[in-house]
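**Student:** Residue strings, one per chain:
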Amino acid sequence: MILSRIQPVKQNQLKKKNLINWKKSKNSMRDMMDPVQYFTIKHQQLQDLKKDSALSVIRNKGLEAFTRLGIPTLKHEEWKHTRISGLFNKDFEFAIDQAVPSLSDQEIKALRLPGHEVANEIVFVNGCYSPSLSRISTGDHQLRIVPLEEAARNEYREFVSKHLGHSGNYLKDGINALNTAFAHEGVFIHVKKGHAIEYPIYLYHITDSRTNNNYSQVRNLILVSELAQVQIVQTFGTIGPLESFANEVTEIVAERDSITSFYKIQNENSNANLVSTTHIHQIGKSQTHTVTISLDGGIVRNNLNIVLDAENCESHLCGLYLIKGQTHVDNHTTVDNVKPNCFSNELYKGIMDEQATGVFNGKIFVRPQAQKTNAYQSNKNVLLSNKASVNTKPQLEIFADDVKCSHGCTVGSLDEEALFYLRSRGIGEKKAQSLLLHGFAADILEDIKIKPIRDYIDHLITERLEYEES
Amino acid sequence: MNAMLTTLEETVLQDYKYGFVTEIDADNAPKGLNEDTIRFISSRKKEPLWMLEWRLKAYRHWLKMEEPKWPNVKYPPIDYQDIIYYSAPKQKANLKSLDEIDPELKKTFEKLGISLEEQKRLSGVAVDAVIDSVSIATSFKGQLAELGIIFCSMSEAVREHPDLIKQYLGSVVPATDNYFAALNSAVFSDGSFCFIPKGVRCPMELSTYFRINAENTGQFERTLIIAEEGSYVSYLEGCTAPMRDENQLHAAVVELVALDNAQIKYSTVQNWYPGSKDGVGGIYNFVTKRGICAGNRAKISWTQVETGSAITWKYPSVILKGDNSIGEFYSVAVTNNYQQADTGTKMMHLGKNTRSRIVSKGISAGFSNNSYRGLVHIGKNAKNARNHSQCDSLLLGDKCGAHTFPYIEVKNNEAVVEHEATTSKIGEDQIFYCNQRGLDTETAVALIINGFAKEVMNQLPMEFAVEAQKLLAISLEGSVG
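In the order they appear, the protein sequences are chains A and B.
Numbered continuously in my numbering, the first sequence closes out at residue 470.
Numbered continuously in my numbering, the second sequence closes out at residue 951.
Hints were generated in silico from the structure; no laboratory data involved.
Hints may contain errors.
Unchecked claim - Below 20 Å or equal to it, Euclidean Cα-Cα: the simulated PhoX-like pairs (lysine-lysine) are:
hint : chain 1 : residue 1 : chain 2 : residue 2
1    : B       : Lys668    : A       : Lys339
2    : A       : Lys75     : B       : Lys791
3    : A       : Lys61     : A       : Lys51
4    : A       : Lys363    : A       : Lys324
5    : A       : Lys380    : A       : Lys363
6    : A       : Lys387    : B       : Lys853
7    : A       : Lys172    : B       : Lys539
8    : A       : Lys387    : A       : Lys339
9    : B       : Lys869    : A       : Lys80
10   : A       : Lys372    : B       : Lys869
11   : A       : Lys363    : A       : Lys172
12   : B       : Lys544    : B       : Lys527
To be verified - Going by beta-carbon spacing under 8 Å, a handful of chain B positions derived as facing chain A:
hint : residue
13   : His531
14   : Leu865
15   : Leu866
16   : Asp868
17   : Tyr877
18   : Val880
19   : Lys881
20   : Glu884
21   : Val886
22   : Val887
23   : Glu888
24   : Glu890
25   : Ala891
26   : Glu925
27   : Asn928
It should be emphasised that the depicted structure is a prediction, and the values quoted were computed from it without experimental measurement.
Backbone N, C-alpha and C define an ideal beta-carbon position, used for all residues, glycine too.
Chain B on its own, in the form it takes in the complex:
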């Protein structure tokens, strides 16, 4: 396949190196969305009746809702009937070991740099790989089970652990929360489920790798992480998709529940296909992520590196319900060419002595638009709540835009809230300094950007930090002239 590419195509591919398609037989639902589609998905997943009813309820509510228009992004209307809502690679059911996975699939993951086998042996990261809509393989399951940790695909969890699902699914992001969350609740096909029992510190990083492969599909996965009292888990999420001229919809929901003294660290490196240089194609990434510090002294930390997607529209939030709980949000969002990003966070302070910290770094280049939109809400009873937000934007080029929309609502006089934001470009003196010491301009810019994003990168687990740094460099290649 590679031999047939012209030099030109190769250059394009270099920009987005995950843009290949894997030829795998897939089991697809018919195009379009109606109650039958939902029944089809539910029956394919061999779900119990209550699950189907939950989905249908969400769907019926979705029909009554309107697509939100407030984000600072522009896109042509989405035809929800022109999407395949379920696409699963055909394979033998119930794999016992990784050796049984379709070799084509394995190759895909090797190309992505996630060799499931290698990971199993070396890096100590448990991976749940999701292709299109279905979880393909989960590694290290046995070892985790010994500690009582449940780490499996969502569909398995629905079958095996219905009580936990019934209790927690939709408890943080209700099925009726917003337009895309409702859509996801109706048609979600798979995702990861993770349960850390009381007092257990998860010994390895858990990770999900999402990939959209098939054409015309939308990906709707659902992740649910529950950390019981005193437990700890660090979770990684990565995503890629092939290059296609059409826009594909990705509407995921992530729910985190942290009970007393629990800690959840959720890191994302989002590298969906951003569209071509002229803004054709790319993924619409409309995601609802929310965590709740349900118990006292719980902590939830979101770290995200956003480099992909034609349009990103996501606000990982934390509801600080328990007293003394902590919410954190670290983000680097890079937009180039015609990408649009409207991202930020929500910190809802409800409990006493709750603290939150927001660090957001936006980098825009080309013709892109990058917005930070955040809400810090301090409720009446959130005595002594404390928030500090910092959002910095860096502009590379004069055709791009950087926007900040921070909402601060304080209903209590003991709270202290601070927000600061700056917007600037890379100083000519900084570049000159680097040039003087023998670095060419492109390297100098990469160096400065790395420094700019360092505060957030430091929050990433080591395995991801390296990848994220490379991504930053690739995303901005050619944007310095």
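This is chain A alone, in the form it adopts within the complex:
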């Protein structure tokens, strides 16, 4: 099963090599290594380790693209407001292959989402799929979970080679290429034809930063077959006081008449940095639903691509970023209307307090043949503090004439009149503010269809808003 775990003999040799860091903080500048050079060495190690891997071709392509594109800087249009290159100058440990660190039940429990008793749980630790920590309750005939390496060589071979890396067509930056260059420890999830999976799938991405700053990568591929239905929840957690940086890519392929819901929940501490990419390719008439909730973290970048590659597709995109402190949340979404008669609706809301920065960049493409497209996009922001800021860019690129597209965007503070209304009825200022903010955020919460998760997020938001009152 665990094909990729290395032999004990090799472990010692690797340990040594693993000690190369991007930048050795203790030593002088001379020891500093260029990230591209560093990852090239790492990549070679990985390729040597897995000589006959079915994924080595795609990994090579990824590295080639990465060396060409490099780490994105602020000059890169898509990274204009998010300084990711700073993270690459820090001292991070990146293990391409390692034994899963032992985590106590207590630690795992703290990260678990409510409703996990009736969910399929898949756990990744430091970017590696951990079958021992995962728990799959749905039967094999409905839901199959295979390590990506294995899927690339068994009956899913063709599918994997066709669809793995499709996101690279949309995200032309070094970060996505870097993930592809090291695609190995993820999973392939197959939701089988005609099955509505009763239990949602919870994906946990855990980073262990107890002893080192940790950099990790996961690459997953999900196939939702014809007439299938599935709900997926993805969350991230960091254990330990040190910094973590995760670069995660999940590619989803939705076939005819399938319904997919994808919820992303981010509530880490300020030491946790994240680039999380979700790429949904709707190859048949299907429906998808995504909700992205960002409540805390260091630098968080979410890429969400929806490719409507069949007629009559439908997609709903929702997002909420409720942040404070130094948190920086960047949501980049792309809806690409390739085929006619598709519908998409997007609503992102943000509340920024203290020195938090929110970034929203929403793109809608309508290709020449995609007539009768209906695409809506809306982004609403509230700034609560003088030092908070928001950069938003709702972008439309339209090449077909028979379309209805609109986008709207607002930035402001709370409505004075609504506040006055509440105050005139004897509600304190802070309370009134938190009521209004709660109402503002509730729009998005309603889109979460798994009740325990919705209640959990609602609870977190209430807690946060009330905390501000004190």
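For chain A, the structure is supplied; the task is to place chain B on it using the hints.
**Tutor:** Relative to chain A, chain B alone:
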């Protein structure tokens, strides 16, 4: 000349009726760009030394810069050595009255519908006419001078009012601002200069008419308008060029300075030659326009109707520095055939209680691409800043594109910013309604488009609104099938 045209050519000409060439002797600089070219221009214009140094500094900086690649337009690389940077119609120096103008030139302006003499008598619009690189005539100068208003060509201003030029030239668009602004600063040949003294309300519309005539030339004019405390001016700008198979470069710089309580209204009807139906030739219109509300309660308003140019690349901007200042931007951009437009605005809110309003209407037809690109920046200290942007696109045909790139950056929690955009085509039901009432489809489309653009057209001074409406109809002729 007209008799020799075939029917076919006549039809083509109808599409762009300003495509004639005037045979005038011109005094040209040699092709190419180097320091000698700049010295040549400067000496021809009898400029003081400081001006030459300013130009050379800009040129040296330009050499270090790279042509921007980010606009959403495609064009083959420009050979900057293959352009004539100075071309002036030969004429007697220092004209005292309009009667002394070369009759050929006068005819040109009559063809353009700007009869300098007629204007002088009737319409009450003071015109500064610029052909190729040089200002030909300025009307109504005397009357304006009585009020203390200075309205003259840039080269005259450099000679006559060096203090004002030294103080304000490059103060809004520095010579090093961007690639084309730097190029313009190095080689600008003429343009209009306008100074409205304190408390004066300019009694007439001031207007500049630009025309590129000579072959292989680029036009680089520079306009500077200064409105002192409490003054008001409305300024019009129009442009045309002959039809040629090559692409000509037009890189202008416009700077506006509004002090306390001053108001500047700047309107443009841009109708440079857009290129043939197959996308051959046409003007590259790479223009930097920027105004600064330097004083409190100042107001700058840009109105533009863009129908010409093969490629348009311009972002009239307002820096809202003074408290309570207002910036406005109204635009209609029409692209047909293979035209490309990447246009929009920048509103930089720096002062308290600043307000801005953006209304942009894009109409694309044929194989054209029309982009709106705008930035609304609310600085940390811009308390209570308010912005509303609206950009609507109309698509006629399925081969064209409409794009919107609005950038919104807010660094302050008291600001309110709103942006909305829609893209649609003319509804079949709307056309059916018109057809039903006896309008043919083409008239119906013209009617609907006029309604679509009305909000912006209403902002234009009356003299221009009529012309602009006609232009809209001409630009879109044949695009409805």
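**Student:** What are the numbers of the hints that this structure violates, sorted from low to high?
**Tutor:** Of the numbered hints, 1, 2, 4, 8, 9, 12, 13, 26, 27 do not hold.
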